[in-house]
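Trainee: With chain A held as given, fit chain B onto it using these hints.
Number of protein chains: 2
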Amino acid sequence: MARVALDAMGGDFAPRATVAGALLALAELEREHTVQLVGQSAVVQATIDELLAGEMAAHAALRDRLELVEAPDVITMTDKPSVALRGKPQSSMVVGLRLQAEGRSDAFVSAGNTGAQMAASAFVLGRHEGLARPAIGTLFPTARKPVVVLDSGANVDSSAEELVQFARIGTVYAEDMLGRPNPTVGLLSIGEEAEKGNAAVKEAHQLLLASGLNFLGNVEGRDIPVGQCDRGPIDVVVCDGFVGNVLLKFYEALAPTLMGMFAKALGAERAALEEAFRELDYSDHGGAPLLGVKGVSIISHGKSGPRAIKNAIRVALRASESRMSEHVGRRLAEGTASRAATDGAPAA
Amino acid sequence: MARVALDAMGGDFAPRATVAGALLALAELEREHTVQLVGQSAVVQATIDELLAGEMAAHAALRDRLELVEAPDVITMTDKPSVALRGKPQSSMVVGLRLQAEGRSDAFVSAGNTGAQMAASAFVLGRHEGLARPAIGTLFPTARKPVVVLDSGANVDSSAEELVQFARIGTVYAEDMLGRPNPTVGLLSIGEEAEKGNAAVKEAHQLLLASGLNFLGNVEGRDIPVGQCDRGPIDVVVCDGFVGNVLLKFYEALAPTLMGMFAKALGAERAALEEAFRELDYSDHGGAPLLGVKGVSIISHGKSGPRAIKNAIRVALRASESRMSEHVGRRLAEGTASRAATDGAPAA
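Heads up: the sequence lines are chains A and B, in that order.
If you count the first sequence from 1, position 134 lands on 134 in our numbering, and the numbers rise without skipping.
Add 348 to the 1-based position in the second sequence for our numbering, that's all there is to it.
Looking at chain A on its own, in the form it has when it is part of the complex (with noise of 0.2 Å):
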């Protein structure tokens, strides 16, 4: 059984997206799953008794699984972290994230500002030991299996400390999240020995090999969207929040990008292509979980409609269901441990 706390009024499409999304959840959950629904209840309401009376007259039945939560204040896109959190303190997503803190709710879901998503889930759920700073985690298709690509957006100039952290999180993302035994991790460079790279990337490179970790060296940019290096399959790529940020960007807007090109040299009906594209397209892909945060904080893309928030909100009952988050910690732990030993042996 578990509850899921979506930010009801968060996104470039909330309430209507973000309610017509919990719908088709709940339509595909079991049944003993609800959703929170948290914003302005009066506007949550009347979004919900719309969707029933039409178009999606069919999930009637499904009201009773939904439990709304009043939050009267609503971070904008454009409102600063530091401001929305301390202006706003009964937001929707505080308010989300409190229910968690207080046992009751078991994970959470916002399409909004991403920034301030960050930062209200460090504080209101906490940070595990042993990490700097929380990385997201997010999934790139590739012709083989999608790779969990981190952090794509939490950090810049991460250190190489945080970069092998990145690593030990990004691997229990692949065992609970995609089910894969002793993932494999890669250390995005720019060429494969281990001296290419900058600084950071070169120090973590000797760091990952005594790490423990199922390291396979660095990888490239072209191994990504083939899903493999020359030393076998990737399931993580570590890098620096920057750089994986420019990459996801990257890979989002090419997709409709090359869907045009090809659309005009093909002459193909676009509805053939757009079906090929579906697995490109994020928009679609639900959301990305906020790695390292004690909790579960699942972030979506503003642009996100009611399928992707329903994918969302699957993202976070797997990370609940699976107990993710108290493997990362842990995982961490056990990072730390070993640096203290390493740290405290004799020096002469």
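One thing to keep in mind: the hints can contain errors.
[As the list claims (entries may be wrong)] Far from chain B, some chain A residues (derived; all Cβ distances over 10 Å): (1) D12; (2) D64; (3) P81; (4) L209; (5) E220; (6) R222; (7) E326.
[Stated by the list, open to error] Under 10 Å between C-beta atoms, here's a sample of chain B residues computed to sit facing chain A: (8) G463; (9) A467; (10) F471; (11) G474; (12) I538; (13) A542; (14) L557; (15) G580; (16) V594; (17) L596; (18) F598.
By construction, these hints were calculated from the structure, which means they are not laboratory data.
Note that beta-carbon positions come from the ideal geometry of N, C-alpha and C, so glycine has one too.
Mentor: Positioned in the frame of chain A, the structure of chain B alone reads:
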């Protein structure tokens, strides 16, 4: 009249692809231009004879526009740049660049070891004043016109000042090679606001505002495939060589990967898709100039076939005829002068 020196021994398919590429180029270019094939003359001569006696017999008349220049040593793809430079002073790379330094050639093209080519170009041709390190400018196909991305791999850990230098030389590239008047420059970051990005990017943003360049502000990964941002079309994208190289290799690998996915999804004929993808195929694009050296050094993909070599020779010719290197030197000197003026201002 231009003389382009081609590293006949450089690249995975040399000397067959290089010699064939030289012949294809000469067939297209005006009669006054010549190609200097630099390498082991006996091997090169045998390759010419073989091609002209066989599949390229139609081009036999071009033989006298090919000049053979002897260079006994060959730098391999795995040679370390510094070792190659010291240990193989008679390599095709060093000999080809030396021709230009001595005024006996106008441009140099190689599909060989990129690291060695960068080191040899800086050493033999020299660097322009005011430039810490040369950068590689690469064209990225977009839904609009191609954008110049630099640095795409010559540097890592670039400082804010270096990013500004990349902006200056990228502007010259767009003017001279692409014929774009007053090119726009975007600084690659993870948000469009000036305060978004890592430390070097944030500082570079402020320096670019005062640079006199046509600075658009920050651009994001998603703006590149589209070729424009909210503030208009983009001609030049400035980034650290680590980020640029990761993006470039990611983009290169994506085209064949996606082609496979679509061909499968659409059941379309592979040939039609390949035609559509030709524009995305870097192996076909020719070459990327190493910017900041005193002369013309064009870096081609190691997997270049004859068409790519032909295109690289055309790029070399255009760079030589537009006097791009001279313009880069002048633009960098302006940057140094304006900085000196600022630094020299009375402190109180």
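Trainee: Now, for every hint given, state plainly whether the structure supports it.
Mentor: Do the hints match the structure? See the list:
no. : hint : result
1   : D12  : 15 Å, holds
2   : D64  : 41 Å, holds
3   : P81  : 12 Å, holds
4   : L209 : 20 Å, holds
5   : E220 : 5 Å, violated
6   : R222 : 4 Å, violated
7   : E326 : 30 Å, holds
8   : G463 : 9 Å, holds
9   : A467 : 15 Å, violated
10  : F471 : 21 Å, violated
11  : G474 : 25 Å, violated
12  : I538 : 4 Å, holds
13  : A542 : 14 Å, violated
14  : L557 : 20 Å, violated
15  : G580 : 17 Å, violated
16  : V594 : 4 Å, holds
17  : L596 : 7 Å, holds
18  : F598 : 4 Å, holds
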